[in-house]
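Letter by letter, the chains look like this.
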Amino acid sequence: MDAILLQILNGLDKGSAYALIALGLTLIFGTLGVVNFAHGALFMIGAFCAVTVQRLLSLSYEVVDESQKDFLGNPLKVKTPYVESWFGPEMGGAIIDWAVPIAILFAIPIMVCVGYVMERGLIKHFYKREHADQILVTFGLAIVLQEVIKYFYGANPIQTPSPEALSGVANVGALLGMDIVYPVWRIVYFFFSVVIIGAIFSFLQFTTFGMVVRAGMADRETVGLLGINIDRRFTIMFGIAAAVAGLAGVMYTPINSPNYHMGMDFLVLSFVVVVVGGMGSLPGAVLAGFLLGILESFASMNEIKSIIPGIDQIIIYVVAIIILLTRPRGLMGRKGVMEE
Amino acid sequence: MFGLDNKDTRMLLVVAVLTLCAPFILNPFPTDSAMAQFNAGYPDLMQRFVIFGIFAIGFNILFGLTGYLSFGHAAFLGVGSYSAVWMFKLLSMNVIPAILLAVVISGLFALLIGFVSLRRSGIYFSILTLAFAQMSFNLAYSVLTPITNGETGLQLTLDDPRILGVSATADGSIPVTSLFGLEMRSTFEMVVGPWAFQFNAGYYLAAFILLAAFYLSIRIFRSPFGMMLRAVKSNQQRMNYTGLNTKPYTLAAFVISGMYAGLAGGLMASMDPLAGAERMQWTASGEVVLMTILGGAGTLIGPVLGAGFIKYFENIFSKINDNVLHGWFSFMPDGLENFVVFVIHPFIGKGWHLTLGILFMLVVVFLPGGLVEGGQRIAKWVKGRKNKDDATPATKTPAE
Amino acid sequence: MSKSAFSRRGVLKSGALAGTGLALPTIFTASSAAAFTNDPTGSSVTLGFNVPQTGPYADEGADELRAYQLAVEHLNGGGDGGMMNTFSSKELQGNGILGKKVEFVTGDTQTKSDAARASAKSMIEKDGAVMITGGSSSGVAIAVQGLCQEAGVIFMAGLTHSNDTTGKDKKANGFRHFFNGYMSGAALAPVLKNLYGTDRNAYHLTADYTWGWTQEESIAAATEALGWNTVNKVRTPLAATDFSSYIAPVLNSGADVLVLNHYGGNMVNSLTNAVQFGLREKVVNGKNFEIVVPLYSRLMAKGAGANVKGIHGSTNWHWSLQDEGSQAFVRSFGTKYGFPPSQAAHTVYCQTLLYADAVQRAGSFNPCAVVEALEDYEFDGLGNGKTLYRGEDHQCFKDVLVVRGKENPTSEFDLLEVVEVTPAAQVTYPADHPMFAGGALGSCNSGA
Amino acid sequence: MGILEVKNVGKRFGGLQALGDVNLSVKENTVHAIIGPNGAGKSTLLNCLVGKLIPDTGSVMFDGQSVLGRKPFEINQMGISRVFQTPEIFGDLTVLENMMIPCFAKRDGAFSLNAISSVLGQKDVLETAEKMLEEMNMADKRHMHAAAMSRGDKRRLEIGMCLSQEPRLLLLDEPTAGMARADTNNTIDLLKEIKEQRDITIAIIEHDMHVVFSLADRITVLAQGTPLVEDEPQNIRGNPKVREAYLGESA
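Chains as they are written, first to last, in our numbering: chain X, 1 to 340; chain Z, 1001 to 1400; chain R, 2001 to 2448; chain A, 3001 to 3251.
Accuracy of the hints is not assured; some may be wrong.
Below 25 Å or equal to it, Euclidean Cα-Cα: the simulated PhoX-like pairs (lysine-lysine) are [said to hold, decoys possible]:
(1) X:77 x R:2336
(2) R:2193 x X:79
(3) A:3106 x A:3027
(4) R:2193 x R:2336
(5) A:3071 x Z:1247
Stretch-level coverage of chain X by chain R, calculated; a stretch enters the list once three of its residues show a Cβ under 8 Å from a Cβ in chain R [claimed, not checked]:
(6) 61-71
(7) 153-167
(8) 179-185
(9) 301-314
These are calculated hints, taken from the structure and not from any lab test.
Note that CB positions come from ideal geometry on N, CA and C, so glycine has one too.
With the sequences and hints as input, model every part of the structure.
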């Protein structure tokens, strides 16, 4: 029982990441009709925003300490971060410790800008082009972005820990009288993504801007005929989608150390999630994200693996195939979208 | 000629001349010159050019004609390779049965996957094919290791129970793949002054198969069947209401292109008897998609160009290192030399991905029809200039 | 910098001189009259450095390349000579190999068997390399080793830890300097016994491919010999990025040791996840829960950051070793690049020197002569004490390090501390050990 | 006994009764029009005839054979061709190719793996297609991309494509919807010509009274999913029930 509850938690947690990435992907697809293979790269850039903030906060000056030796036998240069000398070791240390949450503030404007530049500079020229061309250009862009990151940050994963206070485990089963411990940061991640998803849905549901965007997703031409400048709004939506992917990346860094190809790792998966959810459907993407996350977690349980060896390797794809064969347009897809 | 019209015959002949003379064309620089780095005329890469050319030609029959974008075609290539290597292990080192089995098995595999995947269209179809291919890859890498030899890839060993032929040669080596005794790896080398050209048996076998595959693809493009496939892409509704059943058309196209992939896989194993699971990964499927789009989807020659383009970068640019750069620019003053090397450095060697990504973007932005369109524009420009020259002979500068 | 490092083959130069513009056909087949593949007849010899430059192991590949360049510099008489001064064999003169200047070509394995073979083939066919070396995974090493055997060139495997490389997939033309899964187990077992006792329940998480399996087998065998009980062995997909669903079942499994048979990004993530789930603070059966990472790499340990503190594992070599050879290498590498070398760098540097030395001793580049010179060759001064290249399986036997994640690192490189240097004798196994069974070395192939 | 016999056909979408109890008989070699106000069930009925929808009740017989449960392409192979409201043609193909495809369908059936021979070698098909282009006055456009033509030409091409199959029954779904007056008249003339020159039965769904009264031999008026009356045009014109239900006060 505990094991099952734990796997549900794991599934919700994995699902949060899938859902956040898929949400942005399907938003871009639904509004702009663009198949964005660079979306994984946006997730990755978000993660490296966290790395960058951590590095900036840890910028240090060096003091030569004669009593210690470095690897060449020369006197060791001891590094002290500037923030520690400005705010004192206590406060400075705490600031560095909180680098990832601080990075959220930093990442939002950066990601919106990245999204804006991407859309205005490149993607907008591809609205009328075939999906194949969109795939080629966004795939090229994804490669370029990840290679640039690799050039500056290397290929190895980079450790970006969560704040000390949010690092341990919490007993989430205490309320139920059970002993189920779960990492605090993963719980934070789950609630964070619920908040983001909620925010996006309310934004689309309750604001005029959102209403126009939703109408545009349903029927772009008609909305255009009403004299509403739908393109500008769509540009903003692209920025928002980029920010969502970026925030998902920032918050993900303490869970797994980011590396330059993490975007590609998530790309295929996020496409599967979007399509299983139904192309262009926001609730579908979220639903599919959590569903696949939970199923993936269950499939990795030993009890299940002993029945079907290797099921955890393929579960996502098996589920995708079954869903697409039984529900032609995914869980909540609309008719006629991306079927040509 | 060959049942083709003049234009197609000319194209086939051009391709034939290019492939048969590839050892010359791809080695334009003297071996000792600094530019030799850019020579691509060595057996392995030439083989890769034509093999991936075949793969892309086959993919284009599906994608270029019907518009169905398969994201799992590498699975058929992988299955073809595994079949071929098993044939080498169990039957004989002759490449013919291996290639035949590769084509047949991948055709059957394509029939199975196509039958299921073609129940959906558009991106739903793409994801279904992707899912099947990724499943194949993941299983081949882990659970199916007894069949695929997992991470290492299926390879020949000294104790293969080969029915026709020996397990090991007299001197204790693994026998090599051959075509009725003609070893695939045997290379005839011709040295002309500072140039060296390599003529490899395996390459020529692959090149002849490429020509056959290309010829077949022209025939398919120009046939009623090919026209039906284009009609599928254009308007399925009208197809159905014109008494045509689209399903067997798309399935036939899928299986044919799967068999092309299997042929490529079998050839790859014949040139180098090892089949790695990575051949089936989604990145490999994505690569053939990129090759086709880059070259020009739906055009006959485009996919071959795209395949050559990508393989060239992968094999040539990845081998340029700082040392080579310093060699090239050593004529410059030291400071300038270092600066130039510093500027170029991110784009070569380990940065070859970056260069490729940039080129993808440039091609798709400026040449919407792919490399073929680039060729057409150049042809048009040359023609236009010629016409202009003809029209205004008075302004022609005699100095030329 | 030298003008053009790319003379394809010495034979071409002479061919060019003799050539009168007419074709001079020569047939290069397995049965031709040439002495051996890529016989360097000019004034230089080309080595092929085939390392991952893209993909997850690119940083490791980059470090290997640095070491290779350093080795070439030293062989050609540049720099401070590094380990050439401490090496027990004094054949190398700093004038290249057999008087020929050493040149090199580089390629990208992409950590894929296919790409690695393509790259190695281009070095052999186009650039005329007589020796291929490098790599950062066992799959690639085995694939390239097979190719080199067929082509008739020497392969000095880079970073490859699977038992199979010198076990069922061993080849006469290939040599491995790196240690392997069995040796990790043999080196770790006594240390684990001292630290954690003989009554332990181990839970294995294993990357689901051949390297992972051989390491799992080796470690489980070594720890079970101590009296440990193996609770479970769970395979994780290679593509996994989040290991939470594999870590969670460990919590209530009754296990008190977690063995992570992962490498690279998998290791970083599984270790990070294990620490997240509070395994390190956990107490099971009245004992502290422990994590073991049998194969450590400093570059990867960096990715796991503070999570490695106090966690034990084994490694091939570490820059903090105090012997003369290691220090000489760290000094010349650190002076040139500004940071200490990784175990990957050390391995490939040694291999390059060893190859050069073997050629020098054999007096020929002929692969079969080199194989003969390297087989059962014993030497010292390259950082791991007295070392043997065993003739029966071409595995290298030397001291293996047991290391621990450092509690108070003084710099970003100072992540591991050496706990014990396990002597070579303790990790040596008979060539017919069942974990290495199957396959045959075959006979050396010179391509002639 | 008509060539097309529709008996007691009913179709329900959730709570909506799209078709009540439709009976219809189309006589051979006549033009039969089906008219009715929006939402009368005209399109639903048509879709039941061509296999796109399967009715809940009743039967549809074509030339003595049931069409129910057959796929659209099978029904077409039985001899029913359909012209759509917005012309459905192969936009990426040339006009000549558009015309050849139905000829191939007629000659080779629903599927043929005719992958080796050249299209240009199929003289019989080429001849039929060329002839049909002549008849449609489109021979000069044969190498044009079909998508690049005007709406009227596309309609003409689509009708030509259907005719080249020599169908027994031609179904037209509002063939002049959205057309300019001149194009509409051209289409009427074309259909008249077809009617006079060929042994063909035509069923036409139409909004435009002008078109209906210039062509139809018989008219069925559909209202709220059931046929109101079926009669000859001159009788329909004066029928008060039709006026009330369909033409309303505006007439």
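Evaluation of the provided hints:
{"no.": "1", "hint": "X:77 x R:2336", "in the structure": "18 Å, holds"}
{"no.": "2", "hint": "R:2193 x X:79", "in the structure": "38 Å, violated"}
{"no.": "3", "hint": "A:3106 x A:3027", "in the structure": "24 Å, holds"}
{"no.": "4", "hint": "R:2193 x R:2336", "in the structure": "41 Å, violated"}
{"no.": "5", "hint": "A:3071 x Z:1247", "in the structure": "12 Å, holds"}
{"no.": "6", "hint": "61-71", "in the structure": "holds (count 3)"}
{"no.": "7", "hint": "153-167", "in the structure": "holds (count 8)"}
{"no.": "8", "hint": "179-185", "in the structure": "holds (count 4)"}
{"no.": "9", "hint": "301-314", "in the structure": "holds (count 6)"}
Hint compliance for this structure: hints 2, 4 are not met, and every other hint is.
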